[in-house]
Amino acid sequence: MSSNNDKSSKFSATRRKLLMGMAALPAAPLLSQAGLFSTPAFAQAPATSAVNTTGLAVTDTEVTVGILHSVTGTMAISETGSVQAEKLAIEQINAMGGVLGRKIKFIQEDGASDWPTFAEKAKKLLVNDKVAAIMGCWTSASRKAVLPVVEQYNGMLYYPTFYEGLEQSKNVIYTGQEATQQILAGLDWVQKTKAGKTFYLIGSDYIWPRTSMKIARKHIEGHLKDSSVVGEEYFPLGHTQFNSVINKIKLKKPDVIYAAVVGGSNVAFYKQLKAAGIDLSKQTLLTISVTEDEIDGIGGENFAGAYSCMKYFQSLDNPNNKDFVAAFKKMWGEKTVIGDVTQAAYLGPWLWKMTVEKAGSFDVDKIAAASAGIEFSKAPEGYVKIHPNHHLWSKTRVGQAQLDGQFKVVFETPDLIEPDPFPKGYQ
Amino acid sequence: MFSDYSLAELGSIFVMQGFAGLILFSVFVLMALGLAIIFGQMGVINMAHGEFMILGAYVTYFTSQFFLNHLPALFTAYFFVAMILAFIASGALGMFIEWAMIRRLYKRPLDTLLATWGLSLILQQVYRSVFGPREVGVELPEWMMGSLPLTDTIEVQINGLFVMGLTIAITIVVAVLMYKSSWGKQVRAVVQNRVMAGAVGINTEKVDRYTFGLGCGIAGVAGSAFTMIGSTGPTSGQLYIVDTFLVVVFGGAQSLLGTIASAFTISQAQSTLEFFLSGSMAKVLTLLGVVIILMLRPQGLFVIKVRR
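In the order they appear, the protein sequences are chains G and X.
Last residue of the first sequence: number 461 in the numbering used here, and the count goes up by one each step with no gaps.
Last residue of the second sequence: number 514 in the numbering used here, and the count goes up by one each step with no gaps.
Only chain G is shown next, with the shape it has when bound in the complex (with noise of 0.2 Å):
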């Protein structure tokens, strides 16, 4: 780097700091090519009485946020993904430079799969930690107990999972899709490239599904031409035997299976599909709910031939998402599939970290007020940009599931889609 050194017969201290300064300053842009984005910031870091008003766990060196998820009980399959995500994004942020000069310390946190867990531990790490951030949370259940909590306390949720939308809090930002951006433009798909006319939904009995099946069943009956629900149905949590409504789907014979089944029974219900002969390659079959990760336990091959409706697919051939999967499977193993929820969650300590340094300040307020209009250009899906209620715009894509897991994008919206947590007329 430097030729300096060399000539420098004579060692004074105070010289020989300043000759490891001027070698050091080469590599900070070395090191911010490295990473997603340059940082100027990276050399200076302004004052911690300057950027943090509010007591938070900010020092002129680090910073802390919490990660708070299940890594135990029945959601931990789920969100496992998204706490590799945001780790990986937490690293990738460090290795260039941290947030406005502070590197990123984690708290991790586990919610248990226990909804009142979820609302103590986010108080612990709001209260005891003083977290700038929480990144956390996956089911509707764990956000709605963590909600009162944030925003109590005032502090800042980066929550990762599509959902049923109904909500806007200054406290959270949303970085899956609300169920309109999800829901509305696959149907207009489905209906426009397969003729779909009959359409079958099914979904597991709580608020997600239910409320997703009603928007779903307005936008059927309402706007799609001669289009009509012929059946409607729900299972508990857990449910393990569909062969009735595989039966019925059997008689009535709709043009589209639209599915919302979670978690386990979604093996169940794919596998049990596959052995009543109905053949996912002849009939239409649209979800919302089977990522890449999901059909890990399904098995591709009683799946292959599904659409899934998602922001986002493992295989979206763009330069960031060739980066991402790359990095993400060098941290966590070549086997490692990457779904919807988990990219979303990769976004949230990436735009926590361009809001901070927007707001040139950690303070809650400031950022909550500083998060509109944030764009991410080098997000995995391709683009996001925050809306002023906190929702993400993004595009909806719909993928057709291959045998070997992964996902081959058929549709793709061509603008990003504006959030629409409140629909009118949808309700």
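Just so you know, these hints were derived from the structure itself, not from any lab.
It is possible that part of the hints are untrue.
[As the list claims (entries may be wrong)] Listed below are the simulated EDC-like cross-link pairs for lysine to aspartate or glutamate, each with C-alpha atoms no more than 20 Å apart in a straight line:
#	chain 1	residue 1	chain 2	residue 2
1	G	Lys282	X	Glu345
2	G	Lys284	X	Glu361
3	G	Lys252	G	Asp239
4	G	Lys369	X	Asp358
[As the list claims (entries may be wrong)] Computed Cβ-Cβ distance ranges for the label pairs, DEER-style:
#	chain 1	residue 1	chain 2	residue 2	range
5	G	Lys356	X	Val497	33 to 43 Å
6	X	Leu213	G	Tyr417	49 to 59 Å
7	X	Asp358	G	Tyr417	47 to 57 Å
8	X	Ser335	G	Lys137	22 to 32 Å
9	G	Lys369	X	Val379	36 to 46 Å
10	G	Gln440	X	Phe286	30 to 40 Å
11	X	Val497	G	Ala360	32 to 42 Å
12	G	Gln440	X	Lys313	51 to 61 Å
13	X	Ser387	G	Gln440	31 to 41 Å
14	G	Asp313	X	Gly371	23 to 33 Å
Every residue, glycine too, gets a C-beta built ideally from N, C-alpha and C.
Fit chain X to the supplied structure of chain G, relying on the hints for placement.
Just chain X, lined up with the frame of chain G:
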């Protein structure tokens, strides 16, 4: 309700629903049999039953992987090997647990509930640490998927038939073991009067250990069979445990016949209601029915008289 369908369709509905009910019945029997043996014969409430099932499922998964990688020619038959291995693995673990933990608690039957519940948490974490938190997909040989068409509208599923056959076979084997073999006589003697059975020279410890092992082994086979229809993950066992207890308690815990009768009643009720109402509603009504009957008959459907 009925007006949506033609007469011919209604006919096939009832046949297919009846068949779906029979599959559900087989599944219930398979789940509950191991639990009923352990509870009925030993008075031990095994909360870790679901985890023994999942051990069987994991064994099946690894067997399928082994056959895929090393013996692809024999893949079509791997399932039978997997079931035997699942029985051995879960049975062996069950006997070990009995030796290490359960036998110290026979005098405190309610504590077995706590102890086995702890065991189930431990096993879940062990599975998570060893096999990873994600679900695994068990690949099945082609012949097990698909269905046999009987008429234009009636089809029966091959894996459903397979589960039914398996259930019948296991039930017969257990019945013969319990009621025809000398070991079965010993088991029943120990159940009726432990002290007396010991006094006439029955090794009660050994009987207990093998009974527990048998119950857990059957759970393993059930888990193996469920890879056809359900998921395999560290916590999947929890999906089955409520239904399993429901069947056993409703049937009257000490009677194998009761277990079978209760599985039949619950499955047919569930399956019929499911067709005309929604899945959740069917479950609610079934549970409600069970609660009402249990209020009238707290011991369950079938009770054998035991001298206390």
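In rising order, the numbers of the hints this structure does not comply with
1, 4, 5, 11, 13
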